[in-house]
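Trainee: Going by my numbering, the first residue of the sequence shown is number -9, and it counts up by one from there.
Hint data in this document are derived by calculation from the structure and do not stem from the laboratory. Quantities reported herein were computed from a predicted structural model and do not represent experimental measurements. All C-beta atoms, glycine included, are put in the ideal place defined by N, C-alpha and C. Please note that the accuracy of each hint is not assured.
As the list claims (entries may be wrong) - Below, in silico cross-link-like pairs of lysine to any residue (SDA-like), each with a Cα-Cα straight-line distance of 20 Å or less:
no. : residue 1 : residue 2
1   : Lys158    : Val148
2   : Lys47     : Lys65
3   : Lys72     : Glu61
4   : Lys143    : Glu131
5   : Lys165    : Asp155
6   : Lys83     : Asp71
7   : Lys72     : Asp55
8   : Lys90     : Leu102
9   : Lys58     : Ala29
10  : Lys165    : Lys137
11  : Lys65     : Met81
12  : Lys58     : Arg48
13  : Lys90     : Trp100
14  : Lys150    : Ser162
15  : Lys47     : Asn57
16  : Lys158    : Leu168
17  : Lys129    : Gln147
18  : Lys158    : Ile146
19  : Lys83     : Met95
20  : Lys137    : Val148
21  : Lys137    : Arg126
22  : Lys72     : Lys90
23  : Lys83     : Gln94
Unchecked claim - Pairwise CB distance ranges (calculated):
no. : residue 1 : residue 2 : range
24  : Asp71     : Arg91     : 29 to 37 Å
25  : Ile(-2)   : Arg26     : 17 to 25 Å
26  : Asn144    : Arg122    : 29 to 37 Å
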Amino acid sequence: MKFRITTIVLVGMMLLSPVCYAESGFTQEDRDRLIRLEATLQTFMQQVDKRFEQVDKRFEELREDMNKRFEQVDKRFEQVDKRFEELREDMNKRFEQVDKRFEQMITFLWILAGIFTALVAAVIGFAYWDRRTIIRRAKEEALEEMKRDGLLKNIIQVLKDIAPDNPKLAESLRKYNLL
């Protein structure tokens, strides 16, 4: 910045110098004017430097303020990241709880299936046992029946054999269609 101002001043002096030479040459008055001009320019340059220093200070303050604000924003983002991390952990815990619950439910279903299978097997076993028992009993009853029938047939045969000699007996056997 200083370089620009100095360059502008020097260019301005160069442009003004031919005008001074064209009139009457370089006089004491011109010399004094140049000294005053130089003093004025130095004062102006100092003021401009001070202004630039003030502007630099303001920019520096703005930069510091912006840096502070960016740090605050970074802190907020860190807080948001922490919150998201906490939410992620909470969600993972919840999913683990749900997974455990599903595992418990599946285990419970397996237990129910085992109980149902045991009950079905017990009912089928009981039915098989009961059928065997009934069939055995039926055979025994049938054999007894057959024995009774055989005995009864023998008794009826004996009565038939005796009936021709005994008319009352013959009449009774005819009455029941046994003769």
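Trainee: Tell me if the straight-line CA distance from Lys137 to Arg126 falls inside 20 Å.
Mentor: holds (16 Å)
Trainee: Take a quick look at whether Lys58 and Ala29 sit within 20 Å of each other, Cα to Cα.
Mentor: violated (42 Å)
Trainee: Checking one constraint from the list: CA of Lys65 to CA of Met81, max 20 Å. Satisfied?
Mentor: At roughly 24 Å apart (the allowed maximum being 20 Å), Met81 and Lys65 break the hint.
Trainee: Quick check on a hinted range of 29 to 37 Å for Asp71 and Arg91, using CB atoms only.
Mentor: Holds, at about 30 Å.
Trainee: With a cut-off of 20 Å on the C-alpha distance, tell me whether Lys47 and Asn57 pass.
Mentor: holds (15 Å)
Trainee: Would you check the hint for Lys165 and Asp155, treating anything up to 20 Å between C-alpha atoms as holding?
Mentor: holds (17 Å)
Trainee: CA of Lys158 to CA of Val148, is that 20 Å or under?
Mentor: holds (15 Å)
Trainee: Would the hint linking Lys137 and Val148 be met if the CA-CA limit is 20 Å?
Mentor: At roughly 16 Å apart (the allowed maximum being 20 Å), Val148 and Lys137 satisfy the hint.
Trainee: For the pair we were handed, Lys150 and Ser162, check the Cα-Cα distance against 20 Å.
Mentor: Judged against 20 Å, a Cα distance of about 11 Å means the pair holds.
Trainee: Below or equal to 20 Å on CA atoms is what counts here, so check Lys90 against Trp100.
Mentor: Measuring from Cα to Cα gives roughly 15 Å; hence the hint holds.
Trainee: Hinted pair, alpha-carbon criterion (20 Å max): Lys83, Met95. Please report holds or violated.
Mentor: holds (18 Å)
Trainee: Between Lys47 and Lys65, is the straight-line Cα distance small enough, at 20 Å or below?
Mentor: Outside the cut-off at roughly 26 Å; violated.
Going down the numbered hints, you'll see the structure goes against 2, 7, 9, 10, 11, 17 and 22, while the others check out.
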